[in-house]
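Chemist: With chain P's structure known, arrange chains W, H and V on it following the hints.
There are 4 protein chains.
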Amino acid sequence: MEGVMKRWELREPGRANLKLTSVAIPTPKPGEALVRVRAVSLNYRDKLILDSTAPRASREPLVPTSDMAGEVVATGEGVTRVRKGERVLAAFSPLWVDGPPVRVDGVIPSLGGALPGVLSEYVAVPESWLVAAPRTLDDVKASTLPCAGLTAWTALMEHGAPRPGQTVVTQGTGGVSLFAVQLASALGARVIVTSGDEEKLARAKALGAAHGIHRRQTPDWEQAVLELTGGRGADVILEVVGGDNLGHSVRALASGGRIALIGVLEGFEVRFPAVPLFQTHGIIQGVMVGHRRGLEELVRAVDTLRLEPVVDATYALDAFPQALEHLDRGPFGKVVVRVGA
Amino acid sequence: MEGVMKRWELREPGRANLKLTSVAIPTPKPGEALVRVRAVSLNYRDKLILDSTAPRASREPLVPTSDMAGEVVATGEGVTRVRKGERVLAAFSPLWVDGPPVRVDGVIPSLGGALPGVLSEYVAVPESWLVAAPRTLDDVKASTLPCAGLTAWTALMEHGAPRPGQTVVTQGTGGVSLFAVQLASALGARVIVTSGDEEKLARAKALGAAHGIHRRQTPDWEQAVLELTGGRGADVILEVVGGDNLGHSVRALASGGRIALIGVLEGFEVRFPAVPLFQTHGIIQGVMVGHRRGLEELVRAVDTLRLEPVVDATYALDAFPQALEHLDRGPFGKVVVRVGA
Amino acid sequence: MEGVMKRWELREPGRANLKLTSVAIPTPKPGEALVRVRAVSLNYRDKLILDSTAPRASREPLVPTSDMAGEVVATGEGVTRVRKGERVLAAFSPLWVDGPPVRVDGVIPSLGGALPGVLSEYVAVPESWLVAAPRTLDDVKASTLPCAGLTAWTALMEHGAPRPGQTVVTQGTGGVSLFAVQLASALGARVIVTSGDEEKLARAKALGAAHGIHRRQTPDWEQAVLELTGGRGADVILEVVGGDNLGHSVRALASGGRIALIGVLEGFEVRFPAVPLFQTHGIIQGVMVGHRRGLEELVRAVDTLRLEPVVDATYALDAFPQALEHLDRGPFGKVVVRVGA
Amino acid sequence: MEGVMKRWELREPGRANLKLTSVAIPTPKPGEALVRVRAVSLNYRDKLILDSTAPRASREPLVPTSDMAGEVVATGEGVTRVRKGERVLAAFSPLWVDGPPVRVDGVIPSLGGALPGVLSEYVAVPESWLVAAPRTLDDVKASTLPCAGLTAWTALMEHGAPRPGQTVVTQGTGGVSLFAVQLASALGARVIVTSGDEEKLARAKALGAAHGIHRRQTPDWEQAVLELTGGRGADVILEVVGGDNLGHSVRALASGGRIALIGVLEGFEVRFPAVPLFQTHGIIQGVMVGHRRGLEELVRAVDTLRLEPVVDATYALDAFPQALEHLDRGPFGKVVVRVGA
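Chains as they are written, first to last, in full-length UniProt numbering: chain P, 1 to 341; chain W, 1 to 341; chain H, 1 to 341; chain V, 1 to 341.
Note that these hints are calculated values from the structure, not bench results.
Even glycine gets a Cβ: it sits at the ideal position worked out from N, Cα and C.
One or more hints might be untrue.
DEER-style ranges, computed between Cβ atoms [claimed, not checked]: (1) Thr80/W with Asp328/V: 52 to 60 Å; (2) Pro273/H with Arg135/V: 36 to 44 Å; (3) Gly160/W with Pro109/P: 20 to 28 Å; (4) Gly85/W with Asp328/V: 51 to 59 Å; (5) Pro26/H with Gln217/P: 47 to 55 Å; (6) Gly76/W with Gly196/H: 51 to 59 Å.
Straight-line Cα separation of at most 25 Å, DSS-like style, residue types lysine-lysine; simulated pairs [as the list claims (entries may be wrong)]: (7) Lys84/W with Lys29/W; (8) Lys29/V with Lys29/P; (9) Lys29/H with Lys29/W; (10) Lys47/P with Lys6/P.
Isolated chain P, as found in the complex (with noise of 0.2 Å):
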């Protein structure tokens, strides 16, 4: 494959420095996979990375973002794993293939991050790093797996998933807490979303929530959860909030109940009291997206499932900044970047 591409840059700290470049279209080395990029999907830690001030370790540019899906289009010497024409997703954390997490100096690396991104017309990456992509979604819809998708398969599936009867407490309406709100109804869960915004909470009711709590007029909204269950508590709480809110989501827990703790929106310095985690045994667990088999199953269940991935809007590649402004705003799902023809 020759010829040039585009792809996004930075070279300076701070989102002011990007630049849309063109440069070589790379060659598959062996065990690699050239892989035609179709659709990139935004997430909050993409903003995260690219406000960042701190200097930058590398002398490379730092290509951003992390979630793509596309085509492979060539294959380097070696290559088992995947096949030219087929559609495929690039894994979030792709060195972590299951288990507890695969970490480099204490971080789990991952693509746009410690990893090369893929905000690009074309990659090169390790065929083991891909993974197939699911037949029953587009392009733009199928972006959306691996970072956002993976969270809220992780925080719900691998440490005990919901039982058909419990509850699940979402919060907000970011892509993992819809994803969340998708997923654990499916299951028979019965899902409780908080959100600061009446609209916002009937649209997820409309994919599946069963109540909506209205986080500014219930503030101590672990009332709300204790009264729609009886008394009994959430059994399955994504906390994306962080700071004080994480004493809200333990005091709304259910016996033996557990906090997926994914997000810090308001604090990376998280408190709660002890007591209510003593009378429950409940768990708190730390959750950064997933492993590559984590992905391989959720594509499967989106397939089986016929889960749509809530997308708020689409850009071209030239039109990233606009898409960032779009995620300072805070969408309803998510916002993806359409790459290519």
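Modeler: This is chains W, H and V only, laid out in the frame that chain P set:
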């Protein structure tokens, strides 16, 4: 069984109101056993209850303490689980047989709290509250199992036990921590103890700990744990300090590691940074003693391992106030009251 | 409560010795509840017990069957778990609350076996044997949960539930298998049913199964499972046939898959080739109905999922022998006896 | 690295066709390490492969055996997981990193089978196949970990480890069984060994077993297990005999117990009665060695426990046929071939 017996009672809040009284020996009702109490082990929680200034809800006197070893001397109609002459322990939370905690009004009912206490020459209790005592321990040592022993057991075993070669961190040298040192080292785990007292560290090492960290000399003790484990961190941590210490524990955690939150000596409100919990997919689990099945397993384990609980001192029944003062000073292991001849 | 009531009794081995008798309505003792039985669901096991020619050990008459739905009409002293007027189910193995099976002389005591049966207008039972009935089902349908429903629930849920996108195989169209079809498809699993009857396959598909395999037309049915799953195999298989069929199940298993061995219609001695179990690290687990906590969870699940158990026919109390004959013919789903007006 | 090396090869089926040849020392490709083999441990499986009369599919010679300890002497481009001079083991099924088995055409690819063997002075293998050797063992003992050691580890640890006070049954005194005796007793479990040889029982007890049962004197050996456990039965059983013996194992099981099916010396077709598995909710799990993460954990456990594998005899590389004959006679523990000076 006729006659009178001694027991400690509290009718008004505050330790000063404790009284040693004489009351009739109870007669076991259908389904109950009458137990001649031989030894009662004290817990930090007994101090909290006795020192509380909150007005008491019940008009019945409070009989303090939860942990006893004794002998069945009579049985009511229909009793099949125990027989006369059998040595027994009482379960701490006797309504909780197995599985997730059984709560009433949000609290796990326990002896010496929502349920009657055992600081009495005799107690009549439902047969289902009793468990066979270990063959290899005398009554004084056996009495330490229901709360301190079971808490360590639950923290170590009931949510994925540490494996040989893994690292367990215990904090301080109270009863629970010393049980954990003995149990975890018997499992083949490498145990690291933290304490603010050099001599106590030495004694903990004599019980099986591989390493000691002086908490005051090394306030950021997680760095020492990371060094001792070649950067891997600890697989299981028994958190008894609470408050800000939980943050150190979270930073000391290995990938896939787990913190059992069992005590909060320095603060019921606990705090930690979210990022290290994300990067390890670490777990924080609240632990409140444990269920009856756990106590039955612990008894078998103690008999097989020939584990000898650490008793710092014993007191006569009359000297219960002096035993409490010993507890105030922070014992090394357990303080036990001998009951009867 | 005074007066007489009807109940079925067996004093000598053999179904021909069944008698409908009149006895005094019992008075609930302390800790007991008197239940007005409304519906009794029959199980294959009831046939085995009634048709056994072994001499009976007890001189008390056998009251057959285990599964009832009814209403509490009186309570004995000290009862707090249920109240008058409450609709209830009896747990199949009521001494087994949670955790591993509670056995007496190597057997899990169950109603209509080692414990009294329920084919009676009233039963007086310990309050701990009762569980709240589902709100969304009438008594006839509710009566099918304690044995057939709970067996399917335990097999699917209590040892790692199937995930959305995974494949579940159920065998035949008896009560347990049809519950499993309904539950597993509600969980997002893909369900494959095997049966020797084309029409029953069609009816199972109407309940949620994705595929049917005709067992006589495809004796090596595991090949069809492998084809339908792209060579992956089934993640969970409910084995009800036994004998040589277990070998087919083992060969149909996916990597990491699990067989719940719940029935042995074609042989109590089961056989399988070891190598496919090695290569999948597959699991075979014996399932004998389940514990009381499972029944409580199933009730919540049924109410949330609005799951409607399949009842093939109902009979009046007098017509119990005809109901047994229906069972002999192999019903599609459950056969239920209505008790009382 | 230039020059020639010796290695054993088989070009036609049958042990008689084994030849010690001289071939060029391989050069490590990108991502590969060249390992100087120091010791190779033999397994019963090697005999099965060498004695098979089935025509060979591949035209490449078979290099037999799977388990080696050695030293990295050179690394190819891009290797980061190991470095020159490091002592290493090769994983038995090196493509299976963690989680459920990774299969190709229904089989877990393993060294000396679908993947190349190690009975050679040097091997060049992908770096991902290698694991750091234990610090506390020499090469001969270390070479016994990848198959026999890991099989015992997987059987004991990867599906709920035995707890202190629980009972483990191991069968015979081959390499896997003796590892299990050592590991399980180090975990605080009570180990019962069955064997047909009084002297071997005595030696197994010297390694940590609490009891021995002579299989020929007590063919219904499950009765002895039940007596030794006060009727409870065994919590974990390592089944290596297969055939009808599985039925004895099932009858020896405790409530909630587990059988790891790891060998089938007396029959690949296994049989058992279903009822005792129903009444215990017991589990039978197929075990085929294990994954790379398990081997990494085993190495740490061996170093912490100072566990010394039992080696019955060592042979020089030239004497491989004699080592196989030793294997034919049934060693006590492992037979190892020393490679190089």
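Chemist: Now, for every hint given, state plainly whether the structure supports it.
Modeler: Checked hints:
1. Thr80/W with Asp328/V: 52 to 60 Å: Taking Cβ atoms as reference, Thr80/W and Asp328/V lie about 56 Å apart, which means the hint holds.
2. Pro273/H with Arg135/V: 36 to 44 Å: 41 Å, holds
3. Gly160/W with Pro109/P: 20 to 28 Å: This hint holds: roughly 26 Å between Cβ atoms.
4. Gly85/W with Asp328/V: 51 to 59 Å: Given a distance of about 57 Å, which is inside 51 to 59 Å, the answer is holds.
5. Pro26/H with Gln217/P: 47 to 55 Å: Between Pro26/H and Gln217/P, where Cβ atoms are some 53 Å apart, the hint holds.
6. Gly76/W with Gly196/H: 51 to 59 Å: Hint holds: Cβ distance 56 Å, inside 51 to 59 Å.
7. Lys84/W with Lys29/W: Holds, because 15 Å separates the two Cα atoms, which is no more than 25 Å.
8. Lys29/V with Lys29/P: 13 Å, holds
9. Lys29/H with Lys29/W: Cα-Cα ~13 Å, so holds.
10. Lys47/P with Lys6/P: Measuring from Cα to Cα gives roughly 21 Å; hence the hint holds.
In this structure, every one of the numbered hints holds.
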